[in-house]
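Those sequence lines, one after another, are chains V and D.
The opening residue of the first sequence carries number 88 in this note's numbering; numbering runs sequentially from there.
The opening residue of the second sequence carries number 16 in this note's numbering; numbering runs sequentially from there.
Hints in this document: simulated from the structure, not taken from any laboratory.
There could be a bad hint or two in this list.
What the hints assert, rightly or not - Below, in silico cross-link-like pairs of lysine-lysine (PhoX-like), each with a Cα-Cα straight-line distance of 20 Å or less:
1. K151(V) with K455(V)
2. K264(D) with K111(V)
3. K166(V) with K409(V)
4. K409(V) with K147(V)
5. K455(V) with K174(V)
6. K147(D) with K112(V)
So the chains spell out like this:
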Amino acid sequence: TMGGDGDGEREDDERKVELDEETKKILEDFIGAPIDDPTHPFWNPPPLTEEEEAIFEDVKRRAKECVGLDGFAEDLLLKDMHVQYVKRSSEDKDAIEYVLTDHLRLSGMYWGLTSLDLLGRLDVVDADEIVDFVQRCWVPDVGGYAPCVYHDAHVLYTLSAVQILALFDRMELIDRDAIASFLTSLQRESDGAIMGDEWGEVDTRFAYCALSISTLIDRPHCIDRGKVVEWIDKCKNFDGGYGSDPGGESHAGQVFTCVGGLALCDAVDRIDHTFLGWWLAERQVKAGGLNGRPEKLPDVCYSWWVLSSLCIMGKMHWIDQKALARFILGCQDEKKGGIADRPDDEPDVYHTFFGLAALSLMGFPGIKPIDPVFALPTHVCERIGVMRTAADGTVVGRRENSATKGESVEP
Amino acid sequence: AMSSSSSEDADADERVPYSRRPEWADVEPIPQPESANPVVLIDYADEYVDAVDVWRAVYRSRERSLRVLDLTRDVIGMNGGAYTVWHHRWELVLALGVDLAEELRYAGAMARANPKNYQVWNHMRLCSQAMKASGDDARATLAWELNETHTRIALMMDAKNIHAWTQRAWAVRTFGRWTDEMDFTERMIDDDVRNNSAWNQRFFCVVGGLGGFVTSTDGNGSGDGNAKSAPGDGGDVVVLASAELAFAKSQLDKSPHNESAWNYVRGILKRPNVGWGWRGEGEAIARKHLGDIFGDASRRRVGGTSSDDERGGESDGESRGEA
């Protein structure tokens, strides 16, 4: 079906508009050839010479070599140091970083705990203590989780809470119906957008959170998925990317929320795959790292936002994986453990998680596989029974297709 | 998965640290003595904990007074990310009848201190919406001017601050200032032709000002319509499109390796009313400049055969290897 708001991507191959003379002249000046003459040599270039073919084949061969991490030794990743780093960061409750980040505590915990699970060391923390804390963040009047005790509930931290409980296989503690009602209340009637909380701020991040939560707690239709898909589609930009709201600048983080969100609705056909794939692949800079927008510096967190999006789209081979892995490994702190945003900067739990997650997607030895849509270890997704996405983008398991109203598609 | 503050890097400085410069390899750097910082940090933490403990008490007791308003200012001053405190402050602003223009200025000042923080900008939107809703044109104009000033100042510190640009886009849409903003994007592009945010904003004005995809309820809209945008029609779009292509061309002539400008050209060409297929015109424009960069081989390659048509169905990964 054609896009409702006249985006015209699927139509404009055939439609032509009459150009006035001035416009035609500007265009012809621009390209240096007449538009109306299909026989002009400009539109009929000769075939490639043998030398040119050889160059092209060489480029293709080199592109293939960039796929996969064979040759990367497991000990290049300072696993034990990262485990100790994460453990310490959760224990030093007097540290300024701890005190000032209570407004995102649950998310911080999710980053740290998932890192530990990916490294196979969830045992170093006290599961009961953590689960207790998570449950103390539950706000029963609202039906959501706050980032910390005494704070207000929000969809961001509701997702983090559900993710943490999933890691520890304590999903039975979740009040699914209450959360489902909370999510329903967050969907805007006018356009299907999702708000963060009762205060009404709207952002594609929140759409992703609501879609992920509703899937994980098996209440997929507490929100109208069809309407969310339409809203996400409005956030698609002229460069193929997605922003925080319609017209918002394309940004890799927001791209992930939209690509992941569409995957959760079995609606990835809404993505302009070639255009967006290209935009994502362009995030890789010479040093091997990935940036979040054109002309910005690389940052380890974009390793995840970009790579998971490419993975869902079946295009992880569109970047040089070895160069990216080298970049991430170069961001490790050899003294303290942990991973920083770029080499020689201070590490933090956020970048530690996203660096490990990206290495996991690329199959780095010694890290458990992670699911690109849920950002949870694959074994956790299997245990819950939600759809899983493989490294080449193929999907197994249930899909929450809005059109079929939750009909499950078993492999 | 998400943080409540942006993960964006602070500046575009690309210098190599001394520790990695070969010409400095003979010098052993002396690190900051460890004792210095922790003392300062611990004091600060004590002040914060002290203030926040009191705030929690008055948040619970629902006290609404000027002293609580001042307390929120104090807490926010130490921790701009304190989301609930921001909302509490908004409740107080409404309950106590605080002057919204003053509150907007305060939020603007906080934006300078916390430019990557979502709450600051959300606070500005709340104040601005309320000023617009008052129905007084002078108040609405003032709200636009304060938004324009404070976002412009934030962009002087970081020309790519996505929050500041988002706020500007919201204000442009709410107050119908499309033409003003086109001029602003041109100045920003002149400052830095590679500023992707500026190019994005320009595109936003081109389509938004034509009553295109943007509606009153999109994003964090004020909910009462784009009073000052005219509905677009085919003719207007084509005229604007040729002007914008000429603009993009002049920028590309200065600096052909510019992803943002290329995406902009593609975006203009893909607009439905413009109606040109991407394949012919887009590749043609690319060819003009690729020829300069890569020489004859690419000129012949990009001229195009059906096998490298990006538009028809899925292209396989091999095509990524092409320039």
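Against the structure, the hints:
1. With a C-alpha separation of about 24 Å, the suggested pairing of K151(V) with K455(V) is violated against the 20 Å cut-off.
2. Between K264(D) and K111(V) the alpha-carbon distance is near 15 Å, which keeps this suggested pair within the 20 Å criterion.
3. In summary, the hint linking K166(V) to K409(V) is supported, as the alpha carbons are separated by about 19 Å, within the 20 Å threshold.
4. A C-alpha spacing of about 16 Å is found between K409(V) and K147(V), which places the hinted pair at or below 20 Å, so the restraint holds.
5. Between K455(V) and K174(V) the CA atoms are separated by roughly 19 Å; this keeps the pair inside 20 Å, and the hint holds.
6. At most 20 Å may separate the alpha-carbon atoms for a hinted pair to count; K147(D) and K112(V) exceed this at roughly 45 Å.
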